[in-house]
Each structure stands twice: as structure tokens, then as C-alpha cells.
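So the protein sequences, as listed, match chains A and B.
The letter at position 246 of the first sequence is residue 227 when you use this note's numbering, and the numbering goes up by one with no holes.
The letter at position 156 of the second sequence is residue 477 when you use this note's numbering, and the numbering goes up by one with no holes.
Check before you lean on any hint, since a few could be wrong.
[Stated by the list, open to error] With a straight-line Cα cutoff of 30 angstroms, these simulated DSS-like cross-link-like pairs (lysine-lysine) come out:
1) K487(B) with K332(B)
2) K569(B) with K332(B)
3) K(-15)(A) with K632(B)
4) K420(B) with K6(A)
5) K632(B) with K6(A)
6) K6(A) with K332(B)
7) K(-15)(A) with K332(B)
8) K420(B) with K481(B)
9) K(-15)(A) with K569(B)
Note that these hints are calculated values from the structure, not bench results.
It should be emphasised that the depicted structure is a prediction, and the values quoted were computed from it without experimental measurement.
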Amino acid sequence: MSKKADQIDAVRALLAANYARPPAKPIVDMDERGRIAEAQIARKDGMVKIALELLDDSPHQNRVIYPEDEIDTLADTMRTGQLSPLRVRQKDNGCFEVLAGHRRKRAAKKLQWLEVDCVVVVCTELEAARDVIADNESHKGVSDFERAKGYQHLIDLGMSQADVGRAVGVDRSLISHRLRFFALPAPILAALELNPACMSHRWVPKLLEAIASNEGAAQVAAKRIEDAACAAADDSSWSMPALLNELTTKAVAAKAQTVKPVKLSITNAENKEILTVQRDQKRQGVFELRIIAPHRFSQDELEQHLAQSLKDAWGDVLGD
Amino acid sequence: MKHYSLNQASKLLNQSVRAIQAVSEEGGIEIARASTGQRARQYTLDNIFDIGARLRGRNKKISANLPRRAITCHIPRGGSGKTLIATNLAVLFATMGVKTCIVDLDWQGSASSLLGYDPDVDSTIAAARNLPADKAVDFHIGHMLGLQGSPKVPFDKVVKYPFGPKGPALIPADVTLNQIEATLTVERLNSDRADLVFFDWMRNTPELQQYELVIFDSGPGFSRTVNAALSACDMVVAPAGLESISEKGLRMLVSQIDAINERQKSNIQVRIVPNGMVTTKRALQELAAISISYPGLVIPFPIRRSEDVPKAYTHESEDRTDPLQPFAIKYPLSDVTQSLINIAGTIGNELWPEGGFAK
Chain A
-18 MSKKADQIDA VRALLAANYA RPPAKPIVDM DERGRIAEAQ IARKDGMVKI ALELLDDSPH
42 QNRVIYPEDE IDTLADTMRT GQLSPLRVRQ KDNGCFEVLA GHRRKRAAKK LQWLEVDCVV
102 VVCTELEAAR DVIADNESHK GVSDFERAKG YQHLIDLGMS QADVGRAVGV DRSLISHRLR
162 FFALPAPILA ALELNPACMS HRWVPKLLEA IASNEGAAQV AAKRIEDAAC AAADDSSWSM
222 PALLNELTTK AVAAKAQTVK PVKLSITNAE NKEILTVQRD QKRQGVFELR IIAPHRFSQD
282 ELEQHLAQSL KDAWGDVLGD
Chain B
322 MKHYSLNQAS KLLNQSVRAI QAVSEEGGIE IARASTGQRA RQYTLDNIFD IGARLRGRNK
382 KISANLPRRA ITCHIPRGGS GKTLIATNLA VLFATMGVKT CIVDLDWQGS ASSLLGYDPD
442 VDSTIAAARN LPADKAVDFH IGHMLGLQGS PKVPFDKVVK YPFGPKGPAL IPADVTLNQI
502 EATLTVERLN SDRADLVFFD WMRNTPELQQ YELVIFDSGP GFSRTVNAAL SACDMVVAPA
562 GLESISEKGL RMLVSQIDAI NERQKSNIQV RIVPNGMVTT KRALQELAAI SISYPGLVIP
622 FPIRRSEDVP KAYTHESEDR TDPLQPFAIK YPLSDVTQSL INIAGTIGNE LWPEGGFAK
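Could you build all of it, start to finish, from the sequences and the hints given here?
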């Protein structure tokens, strides 16, 4: 066989090999494409009014706190009419998921409106999450921790850090800085859920450093963060430097005094839970015990059940 | 009227001689005989499309219910073979019994002339110059869209059947088609609907519902008309002229389709058909290079460069009265026709993976 014929055969073999790939995604049927196009055009063409009760918060919402005064201010500006529509998508149950406008929805409720202007979009789960989180990114009142939760949510849905950065319009390095929140131990993260605005992401490395050397410090920090959430908004006693200071100076003491759990469950002889006791610290040295029981107990019974268990578990914290 | 021997018909239909004889006897299709010599059978194109449709029903290889699909033949560079591919696919799918409609979207009307019409002549000119009125082109797709409030011309007045009602249907084009470009540009400013004019036309034209395949033969370059044609289809068939491959054009086309898919949540495919293959070292290298650059996209049946291809575009007689014909019809025995048949089979298989097309 000639050299030329060999070359031609080689190219033909290459063509066949490169063509033989697993089939791509199937072709989208014309009717389905038409339906999507109609919905997209309807979205551009105009708004619809949707009853407030049909609007559900997005499960992708990373924001946990909606400060009352912020909603009041927004409601005041909306009193004369709604300037920008909410962005929503239809759910399978006929209700709508809010993608942008969670605060406007709350303000409208406050104004006792029955319906609000919305644009309905068609999008995938990931796009919905992206919309919600990108919308929050532009709001001032969202804390670093809430933002970090949003980024983590998008990453859990399969996006890379770089993709998240592009989607929400934030530099990638800031994304990774904020994501360091998740290096904190679980009790602190749980406390941050209650009080997300208490610390900026810049404190995370210092906090990690302060709690690295002893386990008790994490519990103390979690408690302080939680307590600060219960305190009044104008309480100025909270500050991160103060907490760090406390953690480092009291590190030794904290280590010695292992912090007891705040929930205690009391079981009977058959190892069945009969009582739960929750311990809330009101201020230094003063505790409130909340006893949760499935049915009524007499005073005697209670004392009998509680006395020994409490002494065993919290004796050193509670004193007598 | 051109006639085909049994051998030619067998090649064009990609079926055995025996199968063709059997189906024409069963169906009682009358085949003319030559008046001289051995009185050989003379198959007309009408016979061939008839046999093709019956073979589909008889062999049941190709599924009886194919969902409607659309392809757009497009590449930005002119002279790469868009019309060659589009017209031949229209003819060859029709020989497989697939109901096909080809839409000429090039204002130069090259597909219309290749299918035997004269886009430069309308019925007024034909009457004045004593030309055949049935070859004149009065309307194009733009007349059916009702753009800017103009009255819609009904489908029946626009459609042509170049090879009889059993062959492919044609929506012709002429130079006035260029006017829709300006209209679409203005409409695009207000709405996304401008990009969907052909898609909506396909969905909303009742007479079009019977067609299983719509082929858009797009003009060169990028324009709103081209964009609408790309947005309407399920697959873009891009001929790559191997004498000088337009790699930039290909890249641009692929990224444009990606953008449309992203926006419309569609899954429009791109398939590249190498055209004009010669066996010089450089040409083979280029062919290998695009096959590597676009894995899975290059259809492995390159069309050889043939001196006959340009002949199909030019009139034989000096007075230009002989109608032009798509390559496969003019040269059924050529190996280029065989490549085109293989390409049609491959595309059919991709458009309808369960459709029963030969792999």
C-alpha cells in the first residue's frame, strides 16, 4: 500500500475514533423549548401580582436575621407603592419561592398588603440558589457569617469557589476568607446561628488561635456569643477583643473547669427518659432551670428525681 | 424529465435492487420503460420518493412516529457548502421516507435555484418575459411571519414542491428576504421574541405539523436572521470547506450555540461536515486537526472534492433553461453521493437516536 493511502486510512481512523463519543445530553423537545421560551418572554414582558400568602421563603436563603427596625424603614418607603418587583419562581405545589425580595415581602406583610408585584422566572435549583445568595450579597445588613453560609451552600450544590465568586460578584480571596468560619467548632457555629452579626470574618483566625489550645474555651466562646444575642441591642458590653482577652487570660481556668452540658436528661430505672432539664445562665452565678416533663410530677417526685442527678451533673457549677 | 435506471435508483435509495422491485410491484407503482433497446425501467424522481416512503413503511426500520426536528446548515464563511449539504440532505431524507421541508434563508436564493426555481423572477416578470410561471418565486418565509403588522401570506401560497408532493417541500427565498433583517434588528431591541421568529413559525404553522424534519439553509455571516435560524434548530450542521477551514468561524459558531443553549435551556448540537477533501498532506493535517479540536462533532464522512460539484451549480445549456439539481439527484452513482447518504444517516441517527436510522 502506498504511503498516501496509509495517510488517508490513518486520518479516516482518527475521524471515526474522535467521532465515537458517548452521546451528549438528549435533544430538548420542541414543545418543551417553546414552554420555556414563553415563560422567559412573559418574565420580560411584565409583572404579575401574587398574593402574599402564596410567597414562601427560599430554602436557599442564607439570611437568618431580619432586624425589625430595618423592615420598618423599608415598609415606610414602600407605603407610597412598590418600586421594584420581587423575583419569584413557581413551585410544584402552586406556591412561589421568593428568590429576591425577602425583606420586601416582610415589609409588605407589615403594611398589611394582600399582594405584591412579582416577576416569575423559570430556573434550575442551582440558579435559584445563586439568585438568592447573589441578591443578599448586595445588601448591607447581611453579616459575614450569613454570607459565608450562602457561599458554602452554593459549594455544596456543586459550584467551585471561583464560580461562587463570579456568581455573587465577590473576589475569590474574600470568599475563601469568609469560608474560614466553618473551621470553627460546632458549638460556636451553633451560637453564630443565633447571633450571626457578632463577629466579622477577620476575627476568625484569632478566635481559632485562642481556642486551639484548650477545649473549654470553645464552649465559653459559644456561650458568650449566645448570651450577646439575648442581650438588648444597645448593650455595648459585647466586643470581640474582650472575648479574646477573656479566652486567653482565663484559658487555664477554663481548661480546669470543664463546662457542663446545658441540657440534662434524667432517666428512670428502665433507662427511659422522664425529664429534661435545661440550664440557662441569666448572669454570672445566677441560673434558671427549666424542667421539661412529659406529664405532671408531684413536688416530692420531682425532688427525688432531680436532687441526685443535678448534684452529679452540675454540682460544681450550681453549688447548693 | 430525468429518468433513473434501477441501479441508480438503488444507489439513491440506499436499498437493494430486489427490495426496490418488490416494493414497486406490491404498491403497483407504474414504472416507465425505455422505448428502445432492452426497454429498461425508467424511474422518475416521483417514483423514487414514492418507493422511499413505501420502503419506510414496509421495512419498519425507521420509526413511524418521529418527533419533529429542525437542522440549520450554517457556517459564517461563504462558499463552504451550506447549500450543497442542505439541499442534498432534504432530498436524501425524503428518499428515506422522512417528510422534509427545506427553508431557504439566504436572500441570494441559492437553495431555491438549486432546487429548480428562479429567485430573480416573480410572476409579473415571468409573464412579461414569457418565462415559465411555475419556476417564479413570489413569496418567502418573511411573508408568512406577519412582521410589523403586514398581512400573513398563507403557507400554501409560499410552499413549492420541486420534485412533486412526495418529495421535499421548499420555502423559497429571493432578494427581498433581506428586508426582514432590518425588521428583526428593530424588534430585537424590544423583545427576545425576534430571535424566536422561525422557532415560533415552526410551532405555530399548522401546515408544517406534518413535516418531521425542517432544514434551514442559512446565509453566510452573522445576522439576526442567522441568529433566529440557529435558535430555531435542534442541530447546526456546519460544513467545513477543507481548502481553507474557517477555524475562527467554527469557534465563533460553537460559542454562539453555547450561549443560545444557556439562554434558552435548549441542547442544540453542532456537527461539522468536512467538505472538499483532497489528499494533499496539508489538507489531511487540517482534517485531523479539526477532528481533534472538536471531538465528537466531526462527522466521519468527509466529502471529497469533485469536479462534478460545481457542475451541479451551473446550467448546462447556454440559454439556462435546464433546471439545476442537487448533487445526489444529478449524480446518484458518485462516491460523493454515497458520502452524503452516509452523512444523512448519521445525522438522522443523532436527531432520533431511537429512530432506526442506519449507523
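To see whether the hints hold, each was checked on the structure:
1. For the suggested pair K487(B) and K332(B), the alpha carbons sit about 19 angstroms apart, so the restraint of at most 30 angstroms is met.
2. This hinted pair does not check out: K569(B) and K332(B) have alpha carbons roughly 37 angstroms apart, beyond 30 angstroms.
3. Distance hint between K(-15)(A) and K632(B) is fulfilled; the C-alpha atoms sit about 28 angstroms from each other, no more than 30 angstroms.
4. As the CA atoms of K420(B) and K6(A) are separated by approximately 25 angstroms, the hinted pair is consistent with the 30 angstroms bound.
5. Taking the CA atoms of K632(B) and K6(A), the gap is about 40 angstroms. The hint is violated against a cut of 30 angstroms.
6. For the hint linking K6(A) to K332(B), the alpha-carbon distance of about 34 angstroms lies beyond 30 angstroms, and the restraint is violated.
7. Restraint check for K(-15)(A) and K332(B): satisfied, since their Cα atoms lie roughly 28 angstroms apart, inside the 30 angstroms limit.
8. Annotation: proposed proximity of K420(B) to K481(B) holds, straight-line Cα distance about 14 angstroms (limit 30 angstroms).
9. A hinted pair counts as satisfied when its Cα atoms are at most 30 angstroms apart, and K(-15)(A) with K569(B) qualifies at roughly 29 angstroms.
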